Amino acid sequence: MTDAAVRCVTVLGSTGSIGKNTLDVIARHPDRYRVHALTAHASSEALLAQCLVHRPAVAVLSAEADAAWLRGELKAKGVATTVTAGVEALCEVARDSAADTVMAAIVGGAGLLPALAAADAGKRVLLANKEALVMSGALFMDAVAASGATLLPIDSEHNAIYQCLPAEHRGGLSRHGVSQLLLTASGGPLRHLSAEALERVTPEQACAHPNWSMGRKISVDSATLMNKGLELIEACWLFDAAPEQVQVVVHPQSVVHSMAAYADGSVIAQMGNPDMRTPIAYGLAWPERIDAGVRALDLFQVARLDFESPDEERFPCLRLAREAMLAGGTAPAVLNAANEIAVDAFLDRRLGFAAIARVVDDVLEREPAAPAASLEAIVDADRRARHLATQRVSHHGMPRR
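Note that numbering that gives the first Met the number 0 numbers the sequence shown so that position 44 is 43, with each residue one more than the last.
Worth flagging that the hints you see were computed from the coordinates, not collected in a lab. In this text the structure is predicted, and so the values were computed from the model without any measurement. Heads up, a few of these hints could be off.
Here are the simulated EDC-like pairs of lysine to aspartate or glutamate, each with C-alpha atoms no more than 16 Å apart in a straight line [stated by the list, open to error]:
{"id": "1", "residue 1": "19", "residue 2": "44"}
{"id": "2", "residue 1": "76", "residue 2": "44"}
{"id": "3", "residue 1": "216", "residue 2": "203"}
{"id": "4", "residue 1": "19", "residue 2": "274"}
{"id": "5", "residue 1": "216", "residue 2": "343"}
{"id": "6", "residue 1": "74", "residue 2": "44"}
{"id": "7", "residue 1": "216", "residue 2": "347"}
When you get a sec, could you build the whole thing from the sequences and use the hints?
And the structure:
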């Protein structure tokens, strides 16, 4: 690859799991990629370490106090990185013409505005923030179409489906001979627990994922199956699918990352070891393939592949997500906001594990779906849902021991 073809990459959420893995892949190919900007919420020391290695032109933190500290540390070490702070600064680096590729890996609703800014600017958007599509699916996809942005999903399941579908799959799956998308789920660390035992689950238990190394919030979402519910919504927008065309399949080994079923009876699957560097490398290099640092899949070691139906009685978050997608409008944004508040409360030990779904259900009942005709309407629904969810957390509280 010539120097003129080097891709300049901005990593939104560089200190999280996806961000770290992205930098790992980039570091393996210094002739192909250069880091333009790195951003973090409050992990200023981790961001400092990354800046010392990758020497980005820009670094962004949420708070000015953290940015001032980082600015001073980098100046003392002779690193000429510009340090800024705040949401608008995030959006500025997302749309900055100096970068052609943006890894959108900020966790939660906070990632919506910068991801949308990257899409509006016509970037190659590597979307690891599923909440951007959950909250603003139609608006986000319209922005991609209007700007000519390239949207590549990084969630392992959606990346797998992308690889299993025809190059052109917009306009409805049936037009391209696709009958169903099979979205695999590990089932998380709690899938064998009874409903009674789920009431007593601790944050440590919920975050102990058997296959994937992830942040605490997404680990809890995996344990409740809300992560799979959010992915179902995301899949509908990414692949122009109806909710009934997306089937969730529990697959404990996490080797088959997802599948596409065709009208002729064929089922095409994408397989590999559970390592996020595979979809990250796919997104960075597409349509080429590059070394991701991932060891080859050994089918003899895997030995068996198991599949089962999800239990929506014990794990109702999957059902709530499907219902929110069917309701449409602002319902998915309300679902996401309520879940974020409930998960935070669980991790802070202010809410029981099983009560996460109850809080989300309560908020969806009290905040009916409205048209998601503008970003303002979505942000307003998100704000109201967070307020309601905070109230419902206080109502449900911790279970009695």
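Against the structure, the hints:
1. 19 / 44: With Cα atoms ~14 Å apart, residue 19 and residue 44 stay inside 16 Å; holds.
2. 76 / 44: 14 Å, holds
3. 216 / 203: 12 Å, holds
4. 19 / 274: 12 Å, holds
5. 216 / 343: 8 Å, holds
6. 74 / 44: Holds, because 14 Å separates the two Cα atoms, which is no more than 16 Å.
7. 216 / 347: 11 Å, holds
Violation of the numbered hints given earlier is absent; every hint is satisfied by the structure.
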